[in-house]
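Visitor: Here is what each chain is made of, one letter per residue.
Number of protein chains: 2
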Amino acid sequence: MSLLVALVAVLPVAAQTPASHTLMPVPTSVSLAPTQLRIDSGFAVTIARYRDARLERAVARAVVRLESRVGVPMSRRIGSERSATLVVDVAGPGFPVPDLAEDESYQLDVSASQATLTAPTVVGAIRGLETFLQLQDSDARGIFIQGASIKDAPRFRWRGLLLDVSRHFEPVDVIKRLLDGMAMVKLNVFHWHLSDDQGFRVESRLYPLLQGLGSDSLYYTQAQIREIVAYATDRGIRVMPEFDVPGHSSAWFVGYPQLTAGSGPFTIARTWGTFQPTMDPTRETTYQFLDAFIGEISKLFPDKYWHIGGDEVDPKQWNSTAHIQAYMKAHGLADAVALHTAFNKRLFGIVQKHGKTPVGWDEIFKPDLPTSAVIQSWRSSTALAASAKAGFRGILSAPYYIDHMKAASDFYLPDPIPAGTDLTAEQQAFVLGGEACMWSEYVVTETLASRIWPRLATIAERFWSPQNVVDVTDMYRRLDVTSRRLSEFGLRHEEHIARNARRLAGDSTALFEMLLDYVRPKDFGGSGSTQLFPHTRLIDAAIPDPRASWDIVGRARRAAAGDATAATQLRADFARMASVQPRLTAVRESIPAANDGLQVAGAMANLSRIGLGALDFIGRRAVPDAAWRTDADSVLAGLAPRRIGQWLLVPTATDAVRTLVDAAKGLSPVRP
Amino acid sequence: MSLLVALVAVLPVAAQTPASHTLMPVPTSVSLAPTQLRIDSGFAVTIARYRDARLERAVARAVVRLESRVGVPMSRRIGSERSATLVVDVAGPGFPVPDLAEDESYQLDVSASQATLTAPTVVGAIRGLETFLQLQDSDARGIFIQGASIKDAPRFRWRGLLLDVSRHFEPVDVIKRLLDGMAMVKLNVFHWHLSDDQGFRVESRLYPLLQGLGSDSLYYTQAQIREIVAYATDRGIRVMPEFDVPGHSSAWFVGYPQLTAGSGPFTIARTWGTFQPTMDPTRETTYQFLDAFIGEISKLFPDKYWHIGGDEVDPKQWNSTAHIQAYMKAHGLADAVALHTAFNKRLFGIVQKHGKTPVGWDEIFKPDLPTSAVIQSWRSSTALAASAKAGFRGILSAPYYIDHMKAASDFYLPDPIPAGTDLTAEQQAFVLGGEACMWSEYVVTETLASRIWPRLATIAERFWSPQNVVDVTDMYRRLDVTSRRLSEFGLRHEEHIARNARRLAGDSTALFEMLLDYVRPKDFGGSGSTQLFPHTRLIDAAIPDPRASWDIVGRARRAAAGDATAATQLRADFARMASVQPRLTAVRESIPAANDGLQVAGAMANLSRIGLGALDFIGRRAVPDAAWRTDADSVLAGLAPRRIGQWLLVPTATDAVRTLVDAAKGLSPVRP
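Protein sequences appear in the order of chains V and Z. Sequential numbering from 1 applies to the first sequence in my numbering. Sequential numbering from 1 applies to the second sequence in my numbering.
With the rest of the complex left out, here is chain V (with noise of 0.2 Å):
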């Protein structure tokens, strides 16, 4: 018995299994356990059976990233030893170039003494080392990993990111980053939309007037994409390159005026939507061009897609021009669609000659192309669901445009097969994934992280995780997390608020920084806006999704079914809205800023008052008089989009106080 008591004195306290874990995107398998891999100065880390130099550099970043969280140094050895404290087992290469055919699978096993990865690749490993990493949690007795065991794979193989660099550039430092935040929420695929009515941003030796003059020398050399495939290749990233033809090419003709049946010269678009300039199909050269075009660029992208971007082909051109009319005429074309169609034939076999898929948007798909193409939609699932069942493969971008400023729970719940679709298990096949869209007119690199991250991984965690993963409060939790973690790789999103709001505003840093909790920007920010227009605005500081505004929707609905607290939170919220319109009025002598913010502000205070009102109906449950629905109906209404005009922001509020609204206007009179 006394015994007994002195085994239990010396045994530390006992580690609780926790309730929930912080992973983000979710694992197919997840069993925490109730212990703790320690993490200390004396870490080490082994690989067992296969490994390469990708391994190795893969194992070495996540020590790195280890040992900045412990804050002191460790071993950057990588043993052998059976005993490491993580053991890396995997058993073969996989692709040396990432594939969309690549087993990302993985096990992880954490137990109080040692971590087993196990993986059939590289990728696998790359993947469940970032998993291994999101385990990390700290106490007083410093950084743990916590117990668990896990198997993972990934629902969908295509999981992909596009970046618009056309119509604003971006550094090679800042695409680095951006595969950095990708490797960790485990996306796959880097879609660089490298060219378009606004710049061409590769560097080409043969055409060098393309860069030369197509790109305000903002453009990528050889080296650099190199450079940049290499960096994704190590994260088990594919890198897919767009050149958008035969519409958004206008870039192209600045340099090579003989590739268009229009008459130049060209310039560089410096607005936005649709151009004239399309490439002409009815000459040869241009498909000369082409070929040689893609034979020469072809070599620096190792993945095996090509993207011939195909969307929003004006046909005006062709229309007007004589000797296309005849070639159409002459080739029973009968119409601009159809010469579509026929250039993209000619451009599938080129880019098939040079072993490449071609990969295009909604507008190519059509029956009588080969069917190896793959279809990427971005107007609706409905479209993807269409090509699918005409055995085309597909992937879904039409809920997925994140340079639209909706919150994160909008992204998060649509999914590339939907729930009820109609697509056979066969036809559900062809759906190989989605794509995030970030294009690029009102965004520069200042706002670029701010726009993208966090939101990017609740769309990451609809293509990796299980379809019945769908909890938006839990996603919400661990997106605070996730965001945070992003920050390691110096993405500065989470400081983009602060930062502006100090720029803008010096001394009343705080007030805009209350501003901005609880506004967002405006989708397609500002008139006049062109590709110099400098993005320094109030509307560039807002961020789509604040922090402070991610609980109220869940308050609202709480506190419409009567929860007391939700009630009492939300009625800070409603005050520190309210606030903002006189304070921002005090200042408006010397902050120019404030003028945009007064333009929401007094929205603002209309739907503070008009939520308080509806919760002290609703706490009273006292049945709201005429005079207050009127009144908050006119305050709803008058926020509906074509209201507000030249708005620069939107509140975020809207959605919880009609929520608010609708539950009090429900209130049934209380018999007495």
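No lab work stands behind these hints, which were simulated from the structure alone. These figures come from a predicted structure and were not determined experimentally. Warning: the hint list may mix true and false statements.
Each computed SDA-like pair below joins lysine to any residue, with the alpha-carbon atoms no more than 20 Å apart [as the list claims (entries may be wrong)]:
1) V:Lys176 / Z:Val97
2) V:Lys176 / Z:Glu446
3) V:Lys176 / Z:Lys176
4) Z:Lys176 / V:Glu446
5) Z:Lys176 / V:Thr445
6) Z:Lys176 / Z:Val97
7) Z:Lys176 / V:Arg205
Go by the hints and put chain Z onto chain V.
Guide: Only chain Z this time, still in chain V's reference frame:
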């Protein structure tokens, strides 16, 4: 009469002449006017008289920065009309490469309708453009440039920053941001410490093992060096390389052990201090190597000066090597110092043969050296004065080691030619200026900006502004604005505390921000530090002179003199300081960094208690009792540097509390 009324009615409200400006460094003469030059999208700039590409680029950069502040696009065209908003009127090119003899003066006149910047040289105009941008302010009507008439020229013509990239490497983009900031505060020498025991950072094609084995692959290619030199040249900044010999040179010997008398193999040093491996000054091959090396590398650096280092030569190896001892005897060299001087004479000849003037640290100064050399004093202004008396030109660095974690005010007041100097006017002319030194043992890319900015701006002002500009309170007032302006370039110093508090403390971010408001990092941070040490602990999150600490010393001085407002403010400071300890204790179970904070939090609470007690005695004019005096003395004695041992942080309020305690102790009993 009615006409007069009407006229008055349409006149804009007369602008007031502001009482003060926010220019940093303060110009030679400033006269503010009650006018405002409004800046909007109609802003136009012209270059009158002389123009060249460098001037055009400088003007274009200024326009883009102004445009960013206004938030609307402006014309990028640089015309030549005399009616433009800003007329830049330059007499001639000056030196095409920034030169010690450059005339950097300018004159700037801003009226309600036009600004005119006149300068004898392009660099003078570059300096004036920074002043123009610093005159920008805003009100309810938008952005304006304050009316002013300014004449300006630097007090010293050598105003530098040394950056050590050997102990820790910094990438090209970081160097560019540093040059941006330097140009903003009118510094004109980037002293690039490119080799030391811990790394050789330049690509040599003649001796590729220098960087091949001596850099961990962290070095600048020759193309990158040219890129940085061009970037600096565009901003009127000289780039002076330093290759420290014959000591501090272990990294050379990894690839070329034959340069030293010691026996190899040699490795890159990972720890700090001085190391025994030293160049062998007795072999002709050493000089042949240095001749070829300097011949190659000097072509990359157009600056006329070449820094040979020469500091901290450890004599052990020379004294213990037979052939070196024999050589010394044969040549009548009495000791290692004499041998070092003989080495320097040979080296000077090589440097001069390649068209450069040698610069070296204090230790090279010997009366029989050629006086063409420039002496950089890292030891004291007395040492600088001694070499000036011997006819050597010199630059002062001793008081400007910004790797030391002192307050901005500590760097602000020391003068290269202190008041009361015994140097004659002729000898004073030998003092060319000074250099701040950023040694990098304890700094990495993530922390660099927070260690340099904004404190460097105060040193820049010392080097540029008239000697009588010494008002510390006014310096801090302008530094606050200057710090914010420096963020314009993407420098991250202002976000440092918040970013790291969030990284270390998650939900307790506000608590850690409060802690970091009242502490600074201890110099020479943390035992066991090596080149591979992660810099992610609380000491790395702290900054040397936090904004919240700026005011405490001044408030204490005023409160000690009986100022009740200052006392009230201080009581709030002390309450915040004292609240940190219990709150850190409460979270130490989940946040390991709390333990580092608790090292200092007790001292903060004690300082608060003593400070509040002293304020109480002062407020009541009551003489402190003996027990309180003992307590106060004990608390202050406990904060002596030798007492705080392994702490990572020290409180910033110690001096302020000492001021209060002294004032309380000095109270006389109030007569009844």
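Visitor: Find the hints from earlier in the document that the structure breaks and name them by number, from lowest to highest.
Guide: 1 and 7
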